[in-house]
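Keeping the supplied structure of chain A fixed, place chain G with the ligands upon it in accordance with the hints.
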Amino acid sequence: MEPSNDLPKFAVLQLSGCSGCEVSLLNSEEWISNFQLVYMPLVVTSNKIPDDVEVLLVTGGVRTDEDIHNLRKGRSRAKKLIAVGTCALSGGVAQFKDDHIASEAFRQASHRLRMPDMLPHAYPIDRFVDVDLYLPGCPPTPELFMTALKDPEGAKIPAIVCQECGRQKLNDMRPTAITGTRSGVVLPDICLINQGYVCVGTSTRGGCGALCTRPGHACVGCRGPANPYLNKEPKFVIDNLRRVFTRMTDIPEEEINAALESPWLSLFLDQFTDYTQDTELPTRTKEKML
Amino acid sequence: MTTITYPLSRIEGHARVVIDIHDNEVFRADFQAMEMRGFSHYVRGVPAEQITVIVPRICGVCSTAHQVASVKALEDTFGVTPPPLAQEIREVLLLGQLIQNQATSLFIFTMPDRTNASSLFELSQTESARAREFSLAQMALRIRKIGTDLISLAGGQFIHPIKTVIGGVTSGIPREKADKMIHTIEELLPVAVEMVDIYWDMSMEMGDRIGSWGDDEPAHYLASTGANDYRLNSQRLRVMLPDGTEAPSFDPHDFANYLQISESEYSYAGISSYMGSVVRANSLARINLSESLGTPIADAYRKRFVQTFGKPAHAIMFFDICRGIELVYALEKARQMLECDLEHGETEVGYSPKDGVGYGLVEAPRGPLIHHYEVEDGLIKSADFVIPTVHNMLAIRRALTVVAKRYVSQDGISSELERAVGRVVRAFDPCIACATK
Ligand code: SF4
Ligand code: SF4
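Chains A and G supply the protein sequences, listed in that same order.
Numbered continuously in my numbering, the first sequence closes out at residue 344.
Numbered continuously in my numbering, the second sequence closes out at residue 459.
Chain A extracted, bound-state conformation (with noise of 0.2 Å):
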């Protein structure tokens, strides 16, 4: 298409997170082409968003009093609003590990002269706003911006990462430890879980090409539960990895509860399924992600 000046406008948003979204969208060349982008500080100079906008893209979480501000004011000027990224979904990476002693360093810290008072946690922004469509991911891959941007509804997301990772999984290589990847070799086209890694492809959202897996690192979970999961305690995934787990290996059961609550997986795992506690967030229903 050629370049003009009445394409659709959209605008991207940032709240509180680590740019790593919008730089993922810089990546799909294709936009520029099919959009036109009116608002997006890290790449261009205009200090409002315009109030004729089509597709608004949220991304970051909600960590300022500021941020609320912001948010409530975009939503109010844009008729589509998608949440972008996992930090937009749950509060994110700024929500790890959000106990007292953290959210006591937040409050000392905070008092700065002329500075945005932060907030004691981090919010997901669909506490604050409608959402139109989510976007998970730790950034969502190029394509899938572009799905978003383009053709949410006739999008086919696999439904976990397995089905994009190409790895088999094996009836007669039962680890009996969690090895990670202190053994020092990640064998080619065999189950990371056959290995000995903590991988929970199988419970979570596919969508992203199995990036993680297929050059052999385990999958940490950034796009969240697969639909089954969706609007569920952190309890029903657990459940159904430690069943995999079983299934799988001779590793003692311990040792795998042990794997499944530690922090690297609670950085996405319970980041997703956290909200269930919060009564003040809608249910997110399978249609409006993607």
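Derived DEER-like restraints, expressed as beta-carbon distance ranges: (1) 60/A <-> 396/G: 53 to 63 Å; (2) 139/G <-> 133/A: 22 to 32 Å; (3) 284/G <-> 242/A: 44 to 54 Å; (4) 100/A <-> 431/G: 20 to 30 Å; (5) 300/A <-> 139/G: 56 to 66 Å; (6) 217/A <-> 374/G: 27 to 37 Å; (7) 257/G <-> 230/A: 31 to 41 Å; (8) 341/A <-> 229/G: 54 to 64 Å; (9) 239/G <-> 220/A: 49 to 59 Å; (10) 220/A <-> 106/G: 24 to 34 Å; (11) 105/A <-> 45/G: 39 to 49 Å; (12) 213/A <-> 201/G: 27 to 37 Å; (13) 225/A <-> 140/G: 54 to 64 Å; (14) 87/A <-> 326/G: 28 to 38 Å.
The hints are simulated quantities; they were obtained by calculation from the structure and are not laboratory data.
Every residue gets a Cβ at the ideal spot worked out from N, C-alpha and C, and that includes glycine.
Chain G with the ligands only, in chain A's frame:
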């Protein structure tokens, strides 16, 4: 007292510049980081081996540097030495990050300052201008994409990469994929050179128009790349004094003896100095501290730079020019490295976790980055991230004061001030997510 506030765009993260003016005189100029990430709080108590997945999320722009620094810090703690092939693959990974970053800074962040546009993607009303702008934007994104593709190739994915693990990397780079990458680099290197030339000319014109290249005083320079070896997977930190002589280099273990880091009440970012002096890191520091980059086109640019501007060169806008030289270097170097066999041989060694203290250094696009961990009972007891942007904080503030003085006179505040402030900050390419880790 009048206070002017300029929110900043086209940099990583949320920041602004605040200038206090009294009686047409600049009282102070500050650079404020408006958010706080707080990773050193979150990672306390995390099993040490898992931190390498968590800390790349400090920043999606510099995630590669954080991931490698994190792995190196744990290798230091555990006493593991990765095999040579893994070191080479990590270097390719970091070159990818340099390409991505310098292309982004040059074309997306700072080129619009040279054309007075609001962004690289802004299109004019006239059709002919539009076509040219569109093709510039496409070329810029394509060059940038070589960087992200290289990161994917060597790191598994281009944001928050995963292939670097304690003891090495999870897999090598297959010949077929390396060849494809070489082909793309060969195709786009001339385009990159053309873009860098356009950028260099635009910068000269801008310097002439403004009548200055950024007339701040000389500073100290900090980098961990070598004089004749521009390796980003680096080992030691080097410092150049304002007169061009070099101070003794130091090991990352000793950083606290040389770099003093403190908090600021005006910002969520810290501030560091080199033994009390203003120090600068990033592209200009590396080029000032280098004798040769070791690739032909980049070396020709470096020679031209030194002949035109001297060594050390001090003006602020030279940071941008040096990024152009580095972009070309990283493309050439990546091609060279991909020609070698990165597929066969040992990619990782086993290890057993140990308690202790470790340091991991890499040369990130913005300068030397150090991760420093203390591990107790297999858990992270404390984690400290020594961030390149923080080293530049004093230098940014000083440069802003100089520029504010230039544009605030008895006639009042010049309308050029806002643009000048943006140019100065972008020259340092600060990363706010990292600086407020
Ligand atoms: S979801 Fe991941 S990539 Fe996106 S802003 Fe958050 S940490 Fe960064
Ligand atoms: S469990 Fe992990 S490694 Fe195994 S098939 Fe699924 S995604 Fe792949």
